[in-house]
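Visitor: Chains as they are written, first to last, in the UniProt record's numbering: chain A, 1 to 330; chain B, 1 to 330.
These aren't lab readings, by the way, just hints derived from the structure by calculation.
Incorrect hints may appear among the rest.
A pair counts as met if it fits within one copy or between any two copies, since identical chains are not told apart.
Stated by the list, open to error - Simulated crosslink set (EDC-like; lysine to aspartate or glutamate; CA at most 20 Å straight-line):
id	residue 1	residue 2
1	LYS243	GLU124
2	LYS284	ASP254
3	LYS243	ASP281
4	LYS2	GLU207
There are 2 protein chains.
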Amino acid sequence: MKKIINAVADIVPEMVSGLVKSYPQLVAQLPNTQAIGRRDAAFKAGHQVGLVSGGGSGHEPLHLGYVGLGMLSAAVAGQINTSPTPDQIYAAIRYADHGAGVLLIVKNYAGDVMNFAMAQELAEYDDIQVKAITVDDDVAFDATDTQGRRGVAGTILVEKICGAAAEAGASLDELAALGQAVIDHTKTIGIALTAATVPGVDHPGFELQADEMEYGVGIHNERGYATEKMAPSATIAAHLEDKILGNFDLQTTDEFAVVVNGLGATPLMEQYVFANDVLADLAKRDVKVTFTKVGNLVTAIDMHGVSLTLCQLQDNWHTLLNAPANTIAW
Amino acid sequence: MKKIINAVADIVPEMVSGLVKSYPQLVAQLPNTQAIGRRDAAFKAGHQVGLVSGGGSGHEPLHLGYVGLGMLSAAVAGQINTSPTPDQIYAAIRYADHGAGVLLIVKNYAGDVMNFAMAQELAEYDDIQVKAITVDDDVAFDATDTQGRRGVAGTILVEKICGAAAEAGASLDELAALGQAVIDHTKTIGIALTAATVPGVDHPGFELQADEMEYGVGIHNERGYATEKMAPSATIAAHLEDKILGNFDLQTTDEFAVVVNGLGATPLMEQYVFANDVLADLAKRDVKVTFTKVGNLVTAIDMHGVSLTLCQLQDNWHTLLNAPANTIAW
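Next up, chain A with everything else stripped away, as it sits in the complex:
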């Protein structure tokens, strides 16, 4: 698989460097790390609670692209599909802390959960208040799987809603409770037509025939729950909605946010066709949608596929979703 890279081992540092060089007005690289932090005036002057996230690389623009006013204070990039190390997460926590504490937004993968917890301990040893929440929005599999459900595209809704609340002055305890509530009300499933090819490997992570697709894939090339014949976009949309809506305790007063997410190699043309089917079908089901976002937001390297996320909006979340943000990718 051809890729626009230099040495495989240099991809992550070069990617982080390229991003920071491209947007120096928004972000700066923290010394001796693959972590970046906000550098806007509001952050420098502020006493807000800090928000830190991170994880393995290959999901760009997650998380680096969501650092900035109204979202993350800092983000840490691990090697591809590999958790960042505790010392680098700790550096991001220190950068993000203004004395009001730091909320860690962690996707539910064993390595991330462990390394963020170790970084939290390091920070607490330094008297920095830290709380962590774990995003597990992927409902492709039951929550009784060994490590629970995975954290996928719904993560950006947690980052956006908590980021806006932090900017407005919410406390660390309030943000941890808010973030957990967003996680509890956010569900995602992904599908792939072609698996991702990890750099340095010559073939996709799993094989699908020219007429096959996979329901329930993860963003690290995890296979899903069913390999089926290719279906029209409208059929895929209806199937994913069935699965997702079955995971909500639906109320007649519900309002939802919808995220249609391209997994890396999916043209926007296809994403908008799919969004059209999703929104038409949700309207038919009398599911009210008040916020939609479409794009390559949380990717799986060069996977050809999409994910669908629904968030059952509570309280003032709609306002927080629409609050100003100044990041590379939101």
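Since the structure of chain A is provided, determine the placement of chain B on it from the hints.
Guide: Chain B alone, transformed into the frame defined by chain A:
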């Protein structure tokens, strides 16, 4: 080639519908067209000069994603790789006009140039003042080619700079002159590792071997000027810079805007690695860059490749590039 679509003939209407349904606060579809227009309060209240662009589909987010405050007033989507019809362009002109006239931003393809000219005639017959500028930023081939140079990713810089100036009250004559000046100072070249597969066709538009790449591709799957062995990102960056910089009359006081553009199926990871090489190499050449944008901005369906654009900034263009915009994709 698998795609997330329904019927091939429905792709463009479904895509336009999906986009408008996803972002109803920003844009509305013009009746009986595949055109969309701004619907923000500033536009409705305003007497600004209107800005209209459009072209064949397959280049999303161009142009639909650049409709909104500070950029286009309206945009028209043709069928895939096919110019929109004059009547639909004319509808967009009528929508965009507030009495101060309308500037047409046309990419240099024979069909677009012809159809936008016919729409201009229709509008002038209705006493709407219209001027048109033709973007031809692709320096892969000499300008002496039959139809001149193609309009590619540099188009978004024309749309952004003119859009900001229109918002600030520039006249139609001023905007036409400004847009032409931006075109004259903007140069682009693209490369592909894999050609695009047009929906309904089973194979990429041209064949590249597993170790080959193509220099100088167009956004309609046009082959370039050289098929070569795959090279590292840094080598590609240096080659494209050589070609592009040779097309400028360089001054020691120059400041440049840089656009690194993914062509549809290129992960952001690769785009940032490439941006890192571009910016490092430009720094080595003492070429000063004061604005950078990276992403899938002007695509060629699912082509795997990137383009590089440099714009030699004049006057207040840097300020106009950084002026507020509220669109789906800027």
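Visitor: Which hints, by number, does the structure contradict?
Guide: 1
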